[in-house]
Every structure is written in C-alpha cells, then in structure tokens.
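My request is simple: use the sequences and hints to build the entire structure.
Line order of the protein sequences matches chains A and B.
Here the first sequence is numbered in this note's numbering, starting from 2 and rising by one per residue.
Here the second sequence is numbered in this note's numbering, starting from -1 and rising by one per residue.
Note that these hints are calculated values from the structure, not bench results.
Fair warning: this is a prediction, and the values are worked out from it, not measured in the lab.
By construction, the Cβ of each residue, glycine as well, lies at the ideal position given by its N, Cα and C atoms.
Check the hints yourself; a few may be wrong.
Below, a sample of chain A positions facing chain B; criterion: calculated Cβ distance under 10 Å [said to hold, decoys possible]: (1) Thr23; (2) Ser43; (3) Ala63.
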Amino acid sequence: MRRVRAVLLGVWDFVVGDDWRTAVGVVLALALTAVVASAGGSGWWVMPPAVLLLLGLSIRRAAGEGVRSGRRRAGEALHGRRSVGRG
Amino acid sequence: MSGAEIGLALSVFLACAVEAVEALTIVLAVGTTRSWSSALSGVGAATLALAVIVLALGPALTSLPIDALRVVVGGLLLVFGLQWLRKAILRASGLKAKHDEVEIYAEETEAARAAGLAVGFDGYSFTIAFKGVLLEGLEVAFIVLTFGANQHDVGLAAAAAGVALLVVVLAGVAARAPLARVPENTMKFAVGVMLSSFGMFWGAEGAGASWPGGDAALLALVPGILLVAVGMVWSLQRLGRQGAAADGADRVRVRA
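Structure, rendered in structure tokens:
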C-alpha cells in the first residue's frame, strides 16, 4: 500500500509539479473551450488568455515565495541564526 | 518537413539535450571517482528501461481516437510546458538559482568519495548512474511520446532525441568534463515556450476548437508566448532592481 502511494505521489509530482493550481486551471480552460465549441463557437480564443493568466499567476506566486524566503534568510543572517537547507 | 514536424524535432532535440547534459554530469562524477564499468552498466540499464516505456506506451497512445489523444496529451504538455517556462523565467530574472553543472559535479564527486570504495562491481556507481539517467530521461520519454503520438510520428521524435543524446555524449567524451558552457537556461526557456504553445494548440483542437489558419496558428502562438515570457523576465528584473534600490535607501535612512 505504501509503495502504491509512493508511485502515485511520484506520478503526481512528475506531471503536476509544485503548482497544482496551474494544472487545475489548464483543465478548467480546456473544459470551457469544449463547452464553447459544443455550443457552436470556434472556441480557440479561450486558451491564449487563459494560458497567459495561469502563467502570470504562477510566476507571481513563485516570485512572492522567493521574496519571502529571501527576507527570511536575510532576517536569520541579521540575527545570527543558521538557515537550514540550501534554500 | 512541415512546420509542425520541425517544431516537434526542435522541441524534442532541445529537451533531450538539456536533460542529457544533466545526466552526463552525474555519470561523469561517479565514473571518474569510482567505477566506469558500473556507472556505464547503470546507464545501459536505465536506457533499456526508458526504451521499454516508450515502446510500451507509444502504440497505446497512438491507438487512441485523435480528439481524446489531443485533449489529454495537449493538456499534459501544457501543464508540463508551463512548469518549464515558469522555472526558466524565474532563473532568467534572477529569482531562482541557475543550474550550475560544475557545482553539481563537485557535490556528486564529494558524495561518491564519501560513500567508500567497493571491490568489484560498484553498486553505488550503478545506482546513482541508473537513477540519474532514468529520472532525467523520463521527461524526455514523456515529451517524445506526447509530441510523437500527436503528430503520429514517434519515430521522428525518437530520432531527434537520439541525435541530441549523441551530440551531448560526443561533446562530453571530447571535453571529459561537465558541459558547463551549454546555455541550459536558454534551452529550457525555448522548450517551455514550445511545449506550452503546442500543448495549447493541440489541447484546444482536441476540445473541439478550430484555430484560425489551422496549423499556421502556431506561427502566431510560439512567438506570442515567447514575447510574453520575455516581457515577464524584463518586468521581474525591473521589480528586483527597484526592490534593491528601495532596500539600499532604507539602509541609508536607518544608518542616518
């Protein structure tokens, strides 16, 4: 059971990576494209803005995390504490 | 060769070259410090495992109905491509450390020496080389399969991967050192743009959309995504410079 869980977690990590929100966004955008296309529209216009939005939000989250961890490391250095890990 | 086929070959070549450079660093580190024969056995076993994965999943994927294949594979490629592109943008803008093959080589060499020497077959060298090649190769196998299946040309994708592997191995043998001068981030940037563009194109087609101009829409999607990504790097670098300037002004104020 533990092995199956490890394999599933490995597959999840391999495909989805460290930003599951982007993966969910891609699925929702494709679903919206399918809805628009089945209603008779061309549907192509859904994906480009959705992809740009998802990329922008993902970068924003990652940049925010980078700034936060940078501040944490700077604070630790200021107070003479050792940071754990490579950062 | 059509535009889509050129895109397929180029994307697979670049992705495979980048991953091969990373795998080569690991194999070189264990090979030079411990045992070449055991490290090369690990490389052979991992290559065999990757070939089995491609041979087993390739026909299964290509037998799927084209729309189902395109929506599933396009979606997966898009998720994968956005991950590559996000990391490349963060690296190019200085918010994430760049891949340093020399540093990785030094770390792997130190770890290999610390593991203690073995007599005869060296399990450490075999395992590290096997894991390195398999893990780096899985991403390439995924790209070969998804691109190849969508274009119904797994052979072309596999050939592009094979050529990239050959080029990197020959360069590694000639240099006898990690290939530190390969512009890995630029190559990852290009792969991220290609995977995202092709993923978006195929995913939308599979979901029932029809692109204006058909395949020619890719000629707008690829440069469009590239421009946006370059713009994001530029604005992140600008924000970083503004933040650094504000930090400097704060420090001056505190000292005053």
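Verification of the hints:
{"no.": "1", "hint": "Thr23", "result": "5 Å, holds"}
{"no.": "2", "hint": "Ser43", "result": "6 Å, holds"}
{"no.": "3", "hint": "Ala63", "result": "6 Å, holds"}
No hint from the list above goes unmet by this structure.
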